[in-house]
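J.: Given the coordinates of chain A, work out where chain B should sit on it, guided by the hints.
Residue numbers (our numbering), protein chains in the order written: chain A, 16 to 175; chain B, 16 to 175.
Check the hints yourself; a few may be wrong.
Among chain B residues calculated to face chain A with C-beta under 8 Å, some are [claimed, not checked]: (1) Phe59; (2) Asp67; (3) Gly83; (4) Ile105; (5) Gly108.
Partner residues are not named here, just some residues of chain A that face chain B (Cβ under 8 Å, in silico) [said to hold, decoys possible]: (6) Tyr30; (7) Glu33; (8) Leu34; (9) Phe59; (10) Asp60; (11) Gln62; (12) Leu75; (13) Ser82; (14) Ala87; (15) Val95; (16) Gly104; (17) Gly107; (18) Gly110; (19) Ile112; (20) Trp114; (21) Val167.
Far from chain B by the CB rule (all over 12 Å, computed), these chain A residues [unchecked claim]: (22) Gly43; (23) Pro63; (24) Met94; (25) Gly109; (26) Glu111; (27) Arg125; (28) Arg152; (29) Lys165.
Hints were generated in silico from the structure; no laboratory data involved. Note that this is a predicted model, so its numbers are computed, not measured. The beta carbon of each residue, even a glycine, is placed where N, CA and C say it ideally should be.
So you can see what is in the structure, the chains are spelled out below.
2 protein chains.
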Amino acid sequence: MTAIHGADSGKTRYYLDELQVGQRFTTGTHALDAGQIKAFAAAFDPQPFHLDEAAAKDTLFGDLAASGWHTAAISMRLMVDSGPPFVGGIIGGGGEIVWPKPTRAGDVLRVEIEVLAITPSKSRPDRGMVTVRNDTRNQNGDILQTFTAKLVVPKRPAAG
Amino acid sequence: MTAIHGADSGKTRYYLDELQVGQRFTTGTHALDAGQIKAFAAAFDPQPFHLDEAAAKDTLFGDLAASGWHTAAISMRLMVDSGPPFVGGIIGGGGEIVWPKPTRAGDVLRVEIEVLAITPSKSRPDRGMVTVRNDTRNQNGDILQTFTAKLVVPKRPAAG
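The following block holds chain A by itself, in its conformation from the complex (with noise of 0.2 Å):
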């Protein structure tokens, strides 16, 4: 598999082209605490059981649990950072979100990403769908968050 290094950035970028079904990625981690947990809820969520410890106990949730919302966005941000450097960036057109498990205090995320499928565009000859599983999971292991999404990816631009 070849890689070819963005213009914008010293990174080693991917194309289209240069992907292949069953291929995987990690990011790096990311370290959850119950003030972000409630900082987001605050901002996004403000439901009982994403603000408070004692609020949560009388709840499903049993204790506190970051939003589901919250989960995403962190997947997000370390897709961003360390995830798969596809060129032009990570654009989703969407997908299926699941969670399995609440996201708790004291968690450390990480994202392992697979990529399912791959689908050249026929309309647009410049660009193809990829679909990708990312799981979110925790410092045990435990899956999260799987999203499952349809990413595009620019093809590599023909030479001449």
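T.: Below, chain B without anything else, positioned relative to chain A:
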């Protein structure tokens, strides 16, 4: 359709039993500006097209665009503040998310919710799953995000 008042607030809240397929809700609105877009991106999705108008020009977005996760987070906030008042809160196990159009500075967002399916749990008689389609629209009616979510909603406790 009946509804009850939750013990924890004066707000009318719905048990699973009081929901019906086809039922609709609409949230209040949130006005988005470039500062919010850039602040969210700096924290969670620091790619050029989410951070800087000039840098966005040469990308697939053509101008500053909000991170999809920012649209999702704002939509969640609107749901919590003024969406369907389910007993126990808005607790999702996941769903399918799509972003058909970029969210832009100046957009005023609202979420339109429709109940698609109601499925009492076979294993847990105290709850059920509600499938809802949440369309996040801007002031022109454009759909910026559709999140088809599976939510957990408690059943009304048996009398006695």
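J.: Hint by hint, where does the structure go against what was stated? Just the numbers, ascending.
T.: 2, 6, 7, 8, 23, 24, 25, 26 and 29
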